[in-house]
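Protein chains: 2
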Amino acid sequence: MTPLPIDQLFLMLAALLLAAGIFGAACGRLGIPPVIGELAAGLVLGPSLLGWVAPAPTLQALAEIGVVLLLFEVGMDADLTRLGRAGARSVAVALAGFFLPLALGFGCAYWLFGLSHTTSLLIGATLTATSIGITARVLDDVGRRQSDEGQVIIGAAVLDDILGVITLAVLQQYVDAGTVSAAGMGRIVLFVGLFMLLAPLAAKITASLIAAVDRRADSPGLLLILAVSLVLLFSTLAHALGAPVLLGGFAAGLALGPSFRVTLPARLRLPFRRGVAALLAPDADFSRRVETQMRPLIHLFAPVFFVLVGASVDLGSFDWRDPYLAGLTAVLLAAALAGKWAAGFVLRSPSAVRHAVGLAMVPRGEVGLIFIQLGLARGLADAAIGGVLLAVVALTTFLGPVLLKAFYRFHPAFKEAA
Amino acid sequence: MTPLPIDQLFLMLAALLLAAGIFGAACGRLGIPPVIGELAAGLVLGPSLLGWVAPAPTLQALAEIGVVLLLFEVGMDADLTRLGRAGARSVAVALAGFFLPLALGFGCAYWLFGLSHTTSLLIGATLTATSIGITARVLDDVGRRQSDEGQVIIGAAVLDDILGVITLAVLQQYVDAGTVSAAGMGRIVLFVGLFMLLAPLAAKITASLIAAVDRRADSPGLLLILAVSLVLLFSTLAHALGAPVLLGGFAAGLALGPSFRVTLPARLRLPFRRGVAALLAPDADFSRRVETQMRPLIHLFAPVFFVLVGASVDLGSFDWRDPYLAGLTAVLLAAALAGKWAAGFVLRSPSAVRHAVGLAMVPRGEVGLIFIQLGLARGLADAAIGGVLLAVVALTTFLGPVLLKAFYRFHPAFKEAA
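Quick note, the sequences are listed as chains A and B, same order.
Residues 1 to 418 (our numbering) make up the first sequence, in order.
Residues 1 to 418 (our numbering) make up the second sequence, in order.
Just so you know, the hints here were simulated from the structure itself, not pulled from any lab data.
Any given hint could turn out to be false.
To be verified - Counterexamples of contact, computed for chain A against chain B with all Cβ distances above 10 Å:
no.	residue
1	T118
2	G184
3	L194
4	L198
5	D322
6	A326
7	V331
8	L376
9	R378
10	D382
Stated by the list, open to error - Far from chain A, by Cβ distances over 10 Å, these chain B residues were calculated:
no.	residue
11	W52
12	T58
13	A330
14	L333
15	S349
16	H411
As the list claims (entries may be wrong) - Across the chosen pairs, the derived CB separations fall in these ranges:
no.	chain 1	residue 1	chain 2	residue 2	range
17	A	A54	B	R289	29 to 35 Å
18	A	P5	B	G107	31 to 37 Å
19	B	P55	A	W320	43 to 49 Å
20	B	S351	A	I205	23 to 29 Å
21	B	R321	A	V213	38 to 44 Å
22	B	V189	A	Q8	22 to 28 Å
23	B	A240	A	A383	55 to 61 Å
24	A	D285	B	R289	19 to 25 Å
25	B	R288	A	P5	30 to 36 Å
26	A	Q8	B	R288	30 to 36 Å
27	B	D148	A	R29	44 to 50 Å
28	B	R289	A	P412	37 to 43 Å
29	A	A54	B	F99	40 to 46 Å
30	B	P55	A	L95	45 to 51 Å
Glycine included, C-beta positions come from ideal geometry on N, C-alpha and C.
This is chain A alone, in the form it adopts within the complex (with noise of 0.2 Å):
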């Protein structure tokens, strides 16, 4: 693909933006959470309605940084104290939430519709994913992120980010070699589980270098540049690791944020035990610079990548007529909602808050995506069962949303609170 000559490029973003900006504010004055007011720009923009905005690669470059910088902010204001604490039902809502869509995709697909093998395989996997990018933004929207469940959310979200990246890696594995290896499947896992552990730690010493170099230098623009080479050098280092770059943005913002605390083991021996404490040491003021400064990039990139989902999909290249391929889009878009509703109810929590953590892991968005892109490259999938999936990646997308944010509003239980 060539690249875009520069005026068209300059005016395919300003469209996008402009549409972003004023779809966005309309859903936000209806009510309705912005972000589906920017799918719905891509919608209006891509090539279901207008077709204006092509998925040039600087446009996807941009979107990719967007995405990555709303990771960096949902890592920053990630309180980890309750991230720990909710801890082990991130990890329950996440395996069931992982689990159940697969199960029910695979099964639909295998025995109701009579698919293959691998493309039921890939038609449950793609419904594995939950889009942390979407889902914080809509707990954004309703106010609801540092929430007792929004924490539980944000968690699961996560692990449920890094099982996605796994299974991705295992099906390109299987499709690519035949077989899955144990060996092949372990070096994935370790690969990310080190990174998640590790990167915070390491981003941590690099911000407090960079705010030691920021108190002397006399330059302002030099801590945004610092802190998002910060950010794009652990994405690269998550994406050389087998993570997704999402992952290095989030590992990132934990680590500059205000709650991220390493105390040393009293019994740990270290030279320059003094200068790596202070190194370690939590520092609120630096974080909250960063932030001020983050937050304008944040608000711009961001409803690039939003508006870059809506174009990827074609609404208009579906036969909605044939009633095999709309039975299998009603279908995967039950076995979507129902697997992950589901989810919320491994919790032993008041139903109120198993409905809104189960609702809010709905909307597939980026990553349900990149499975179906994979899939169509490989083969995996013909153009009628890519459209199917677009379809019912983009309307989980969108109904994810307004599903939970009807929920939070006329559910007595937050009704009261808000």
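Based on the hints, put chain B in the right spot on chain A.
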């Protein structure tokens, strides 16, 4: 050129930002304009030394966004009352700084070095450009952008940019058709002139609409999204009318700035006169908010541009011991320095101001590079001449700020003022 995989792009961007931040801050500490550090970072990362950063389309697009946003800031900060007062002087400096280097460059190449007509024309044209981006940044670094001579310089640099673009269009026509029609040239001049007259007015009206939308919608990112869209739209418009995209950013910045004031003639009868007047009224609070939100973006993207300028030069590919090429480089460098420096002397000002204005016009930067690219693509210059021109443009870009900075530092007239 195939687009880079996202992880490579992220890594390259991170290396680029890190190097720009560190080199820039280091220069800042040493009292050298940070922009020189960023150009040096480009030389280090580019093919001259490490070869890590290639001008990938996405990086170029980011750089282009950076320089357009920088021009937006220059436009916002331009004090129009002073720019108007500087008007005639800016025109004189721009014209002298255009024709002197053109004549000197063409003359030296044609008569002294026996180069062809068209190649000599390309060389002369390349020397006419003034890098408004670098000039504005250096003036910032020495704290003189708002000074009297700063306004003359910005005005002259903007006019030089316009003259440079007209020359580029004329040269292109000459190469394509073998001749230049007066009608064709008139059309180009007319378009660019019309754009610079009408664009700020149109941008002002759009900006007032943005301010009105922003007041009503309670959406935190909306203002920035709309402002960036406006900048991109006007850049596209500039391009469509045959002007450089940079001018679109400048025009949008002018219009959104706090000093942009359009007074309706008292005798003009207009429907909705009061509404129109309200749309045209300056809104200092809105200008301040736009600038506050834009600044982090500019800090992040402008360095991408300067690093890529540095990375587009390959000092290693050039045989500096060839006496013909070394001589040509030395002579053209002298012509490039002398031509712009002398342009300051058309002013009837104290000699300190004349020197400062002349020196500020020295850096060629981006527009010069565009000329070279055109020349190479159309066969007006071979690789050797292209290398010479690249070296001259790079050296003026490095030497201009150093000389200007040194001048401001050591000349008694400014020493006392500082």
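Hints versus structure:
The non-interface label for T118 (chain A) is consistent with chain B: the shortest C-beta to C-beta separation is roughly 25 Å, beyond 10 Å. With a minimum CB-CB distance of about 21 Å to chain B, G184 (chain A) clears the 10 Å threshold, and the non-interface call stands. With a minimum CB-CB distance of about 18 Å to chain B, L194 (chain A) clears the 10 Å threshold, and the non-interface call stands. Non-interface status of L198 (chain A) relative to chain B is upheld: no Cβ of that chain comes within 10 Å, the nearest being about 18 Å off.
Under the 10 Å C-beta cut-off, the non-interface status given to D322 (chain A) relative to chain B holds; the minimum distance is some 35 Å. The beta carbon of A326 (chain A) sits about 35 Å from the closest Cβ of chain B, which is more than 10 Å, so the claim that it is off the interface holds. The Cβ of V331 (chain A) sits about 34 Å from the closest Cβ of chain B, beyond the 10 Å cut-off, so the non-interface label holds. No Cβ of chain B approaches the Cβ of L376 (chain A) within 10 Å, the least distance being about 18 Å, so the stated non-interface status holds.
For R378 (chain A), the requirement that its beta carbon stay farther than 10 Å from each beta carbon of chain B is met, with the minimum near 17 Å. At roughly 26 Å from the closest C-beta of chain B, the C-beta of D382 (chain A) stays outside 10 Å, upholding its exclusion from the interface. The beta carbon of W52 (chain B) sits about 13 Å from the closest Cβ of chain A, which is more than 10 Å, so the claim that it is off the interface holds. The claim that T58 (chain B) is not at the interface with chain A is violated, since a C-beta of that chain comes within 10 Å of its own (minimum 5 Å).
With a cut of 10 Å on Cβ distances, A330 (chain B) stays outside the contact zone with chain A, its closest approach being about 34 Å. Every CB of chain A lies more than 10 Å from the CB of L333 (chain B), the least distance being 30 Å, so the non-interface label holds. The claim that S349 (chain B) is not at the interface with chain A holds, since no C-beta of that chain comes within 10 Å of its own (minimum 31 Å). With a cut of 10 Å on Cβ distances, H411 (chain B) stays outside the contact zone with chain A, its closest approach being about 24 Å.
Checked against the given bound of 29 to 35 Å, the beta carbons of A54 (chain A) and R289 (chain B), roughly 33 Å apart, stay inside it. At roughly 35 Å, the beta carbons of P5 (chain A) and G107 (chain B) sit within the given window of 31 to 37 Å. A C-beta distance of roughly 45 Å is found between P55 (chain B) and W320 (chain A), which places it inside the suggested range of 43 to 49 Å. For S351 (chain B) and I205 (chain A), the hinted distance range of 23 to 29 Å is not satisfied, since their beta carbons lie about 54 Å from each other.
Checked against the hint of 38 to 44 Å, the C-beta distance between R321 (chain B) and V213 (chain A) comes to roughly 40 Å, which is consistent with it. With their beta carbons about 25 Å apart, V189 (chain B) and Q8 (chain A) fall inside the hinted range of 22 to 28 Å. Range check, A240 (chain B) to A383 (chain A): Cβ separation about 36 Å, and the 55 to 61 Å hint is violated. In this structure the supplied range 19 to 25 Å holds for D285 (chain A) paired with R289 (chain B), their Cβ-Cβ distance being about 24 Å.
Checking the proposed 30 to 36 Å range against R288 (chain B) and P5 (chain A) shows it holds: the Cβ atoms sit about 35 Å from each other. For Q8 (chain A) and R288 (chain B), the Cβ-Cβ distance of about 33 Å falls inside the hinted range of 30 to 36 Å, so the restraint holds. Between D148 (chain B) and R29 (chain A) the beta carbons are some 48 Å apart, a value that agrees with the proposed interval 44 to 50 Å. Against the hinted window of 37 to 43 Å, the Cβ-Cβ separation of R289 (chain B) and P412 (chain A) comes to about 40 Å, which satisfies the hint.
In this structure, A54 (chain A) and F99 (chain B) meet the distance hint of 40 to 46 Å, their C-beta atoms being roughly 44 Å apart. About 46 Å separates the C-beta atoms of P55 (chain B) and L95 (chain A), a value consistent with the hinted range of 45 to 51 Å.
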